[in-house]
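Both chains are given apart, each in its own frame, so use the hints to dock them into the complex.
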Amino acid sequence: QQQVKQSPQSLIVQKGGISIINCAYENTAFDYFPWYQQFPGKGPALLIAIRPDVSEKKEGRFTISFNKSAKQFSLHIMDSQPGDSATYFCAARTQGGSEKLVFGKGTKLTVNP
Amino acid sequence: GAGVSQTPSNKVTEKGKYVELRCDPISGHTALYWYRQSLGQGPEFLIYFQGTGAADDSGLPNDRFFAVRPEGSVSTLKIQRTERGDSAVYLCASSLDRSTDTQYFGPGTRLTVL
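Note that the protein sequences, when read in sequence, are chains Y and B.
For the first sequence, this note's numbering gives the first residue as -13, with consecutive numbering after it.
For the second sequence, this note's numbering gives the first residue as 955, with consecutive numbering after it.
The shape of chain B in the complex, shown without the other chains (with noise of 0.2 Å):
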């Protein structure tokens, strides 16, 4: 594809459900990162995925946030037991690979938690 995208771009739940986000990155690229936009703030990043493994989940904030890339191309992140703290833009990014330098960005899908 032309760009990284992002699916659903919006999604409501209630709070105690479980939502699935999808991002498909730019053909060819073997890098995926997952970042979480708050309101009024610089994007935190989440995972890193090196092809299929994830090489840094440090930013995972708890273990109700997890994440999966089984082929090396379209990466999933999970939260189960959503809570109204959830609630934010997550933004995909990917690379050709780790050593190049631009992260391409997709538009996000934006969480709201009830």
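The following block holds chain Y by itself, in its conformation from the complex (with noise of 0.2 Å):
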């Protein structure tokens, strides 16, 4: 059963292009929505993240909306450039369990020059 539904599975945008990836979840109990970038052979690094109270959170390029109602939330990359190019994934957590974190199965994103 997959927690987090995370599409398109791959993104060709154009230098300067706006990237919209989205991410769905079902369970309520999530409370906290990283987002993770990674390149090939690196581990994911963290981008940014956000909370459900907020319903969006914008750092340098990269804007997460969040929509509780809907239980969809999306990473919008702003000035898209070629060193964008790397696999995104979103996630999930519920806080006062494992901490453990529940990932979408990636967006590989490509940048044109």
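To be clear, the hints were calculated from the coordinates, so they are not data collected in a lab.
Check each hint, because a few of them may be wrong.
[What the hints assert, rightly or not] With a cut-off of at most 16 Å between alpha-carbon atoms, the simulated EDC-like pairs for lysine to aspartate or glutamate come out as follows:
1. K91/Y / E998/B
2. K54/Y / D17/Y
3. K(-9)/Y / E998/B
Here's what the structure looks like:
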């Protein structure tokens, strides 16, 4: 049972464009939603994260939009750059449990020059 | 250290053999996690340590998998009687404590079972 569903599986964007990746969840006990960026041969690195009491969080070119009623959240990358080409994972965690992260299947982003 | 380190970076073994994978968390981090990442998939949780004890081992797929953290720092993931299906990247992550959100991942160990 996949607890966090991520789409699209792959995404191609032109330099300067906006990249949008979406995630949906079912477990209403989730209370922390991070996005991780992973380059080939490297471990995932935290990009940005949000809690459900906030509808939007922005850090530089990266923005998370969160819709608690729809149980959806998305990552927006503004002014996408070739260096942003990587695989992006959304995740969710339930506090008070084991603190384990439940990951989506990932989105491979390619930003063309 | 500056980050989470894992050794070896690559491990090739034969079906049926025993392997050990090591994780050195960030100094001072009390929480440690093991995840497994298959090709084209997101990381999947295996086990979580708070200090020396395994607080949650619900993600271990079967009793061939075992992990220890005897002194509350370095952890070793042990796989007995390896199978081809065990081939994956094994990731370790640490966080300051269980109340801290951010998990910092190591580069992983790529395990190949022939």
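Can you give the numbers of the hints that this structure goes against, from lowest to highest?
none
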